[in-house]
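> Take a look at the letters that make up each chain.
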Amino acid sequence: MTALTAAAPAALDTGDTAWLLAASALVLLMAPGLALFYGGMVRSKSVLNMMMMTFGSLAVITVLWVLVGYSLAFGDDVGWGLLGDPGQYAGLGQLMSSDSNGASTVPLILFAAFQGLFCVITGALVSGAIADRARFGAWLVFVSVWTLLVYAPVAHWVFDRSSGDHTGGWLINRIGLVDFAGGTAVEICSGASALALAIVLGHRVGFGKDPMRPHNLTLVMLGAGLLWFGWFGFNAGSALGADQAAAVVFTTTLVAGAAGTLGWLVVERLRDGHATSLGAASGMVAGLVAITPSCGSLSPFGAIVMGAAAGAVCAGAVGLKYRFGYDDSLDVVGVHLVGGLVGTFGIGLLATAAAPTGVDGLLHGGGVDQLGRQLLGGGVVLVYAFVVSGMIGLVVDRLMGFRIDEEHEVSGIDLVVHAETAYDLHATAGARSAGHGILGAITQQQSTQQREEPRP
Amino acid sequence: MKLVTAVIKPHKWEDTRAALETVGVTGMTVSEVSGYGRQKGHTEVYRGAEYDIALVPKIRIEIVVNDEDTDAVVNAVVGSASTGRIGDGKVWVVPVESVVRVRTGDRDDAAI
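Heads up: the protein sequence lines correspond to chains A and B, in order. Going by our numbering, 147 is the number at position 147 of the first sequence; the sequence numbering is gapless. Going by our numbering, 1 is the number at position 1 of the second sequence; the sequence numbering is gapless.
These are calculated hints, taken from the structure and not from any lab test. Quick caveat, the model's predicted, so the values are computed rather than measured. There could be a bad hint or two in this list.
[As the list claims (entries may be wrong)] So these bits of chain A aren't anywhere near chain B, every CB distance computed over 12 Å:
#, residue
1, L92
2, V267
3, H274
4, G365
5, M391
6, E406
7, D424
[Unchecked claim] Short, incomplete list of chain B residues facing chain A, as computed with Cβ under 10 Å:
#, residue
8, P10
9, W13
10, D15
11, E21
12, G24
13, G27
14, M28
15, V45
16, R47
17, Y51
18, D52
[Stated by the list, open to error] Per the computed footprint, the stretches of chain A lying under chain B, defined by three or more beta-carbons under 8 Å from a beta-carbon of chain B, are:
#, region
19, 74-85
20, 275-286
Where is the CB? At the ideal position from N, CA and C, for every residue including glycine.
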């Protein structure tokens with residue numbers, strides 16, 4: 001994330017603004033992309049719930065972000081670089097006038113919207129750890145509290161750069177952490193939160209015993225492709241300008257996704273004997289995860305090394321859940337936490353001062369200083385997100401119950417929680433595997449009448 | 001009358017249908033089913049996790065035939081669906097007490 005404001009006041013730049021508008025829309029596209037990526041990976045009885053966790057996050061986080069989230073993350077620091085002033089930009093009405101932009105070349109209200117979408121994606125990523133088994137209402141409550149207590153503070157620490165009379169967060173300003181687009185705030189944060197929730201909720205019925213095959217790998221591949229497309233907005237948009245830095249970031253993002261795909265497939269071919277489509281989609285995402293913090297710090301060749309390393313390491317890391325017995329259903333830990341650590345720590349090794357962030361890593365003669373900053377920043381975010389998310393999860397579980405009944409989990413969460421089934425592939429309504437009601441009959445219900453939960 | 005039920009490999013279905021046509025079978029009921037015999041299942045790998053998939057997809061064909069046509073129909077299925085490897089399937093025959101054609105009310109042999 002480059003400095004939002006320069007020393008001298010500057011007018012709005014229409015090119016910068018146009019790119020950030022487009023980049024923000026690209027980041028929004030990552031939400032349906034993620035919903036498809038995750039939705040295809042679960043069984044057909046829970047695909048709607050999986051996608052609804054992403055769409056629910058999109059709705060609830062966006063509203064919360066406008067109300068107070070942006071202010072907590074990017075308001076003037078209230079002390080020690082830990083949190084922004086929650087009242088300063090509450091409701092974002094303060095950013096209506098162009099006078100509010102100060103020295104920024106893009107409207108601050110657009111920056112606020114762009115950053116809000118980062119929070120949406122991060123929150124939605126967490127849901128992959130609790131597929132098939134979480135109550136929808138409990139998930140929305142969790143992700144709301146998580147936005148305020150986990151994401152907003154972490155975003156303040158790593159994204160909010162001090163400038164002029166504005167003081168920002170501690171990791172970026174005092175420690176000198178380099179995190180261009182969110183290896184810590186997005187990837188490590190979502191992965192550590194996912195690990196905590198997977199432990200709080202416990203494993204799915206049949207985990208490690210029953211085959212839980214992805215029900216539609218074509219959706220997974222389409223979703224991965226949309227994620228990559230949106231990722232250009234995520235990373236190159238974080239340059240906050242239509243300039244050389246954005247172009248470098250665009251290129252490193254492109255090549256890291258490609259190298260990640262190859263890294264994962266090579267490991268799979270050697271270890272399992274086959275190069276799989278799920279592996280290609282996963283390796284692509286792993287490479288993109290690792291380039292997220294480092295996209296502004298690497299040469300294109302460095303990005304190839306980074307992407308390939310992340311693909312290969314994550315291909316191994318997805319097996320950890322079986323060794324340790326936590327059911328991180330869609331491998332948020334194996335891909336996002338581990339990939340985020342590879343990218344964040346890798347800056348300390350592979351960064352080159354010729355890249356936009358201008359820092360040399362160990363392998364470019366920069367010594368171990370930057371590596372130390374990266375280790376500290378990544379470690380702090382990991383521990384904070386894990387502990388606080390775990391506590392929120394426990395409280396939600398205690399107060400309202402986080403999991404659905406085992407009986408409903410086995411029969412399928414879509415029907416029980418949403419009263420819908422994703423697919424009707426049969427000519428006769430009565431032949432639907434999870435169908436209910438009389439064959440072909442449409443019954444109208446009084447809106448005041450309490451409808452019983454459908455039982456398959 | 002007999003009910004001939006055959007469970008065969010999906011990729012032999014077109015061959016079997018053609019073979020049944022040549023011995024005069026004019027209609028049948030076909031469904032996609034899954035199961036296993038000596039072939040057992042197979043393994044699939046997702047993100048490095050191996051799953052043993054016990055059930056194998058098969059095609060089930062059901063035909064009601066006159067007693068005298070039974071052997072020809074069974075032989076047609078066996079001849080067309082065989083690959084010589086495990087998992088080729090089974091054919092079995094059971095007696096049928098009566099058959100009615102819904103449109104005309106024709107009964108038994110006339111209804112076949």
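> Mind listing which of the numbered hints don't hold for this structure, in increasing order?
2, 3, 8, 9, 10, 11, 12, 13, 14, 19
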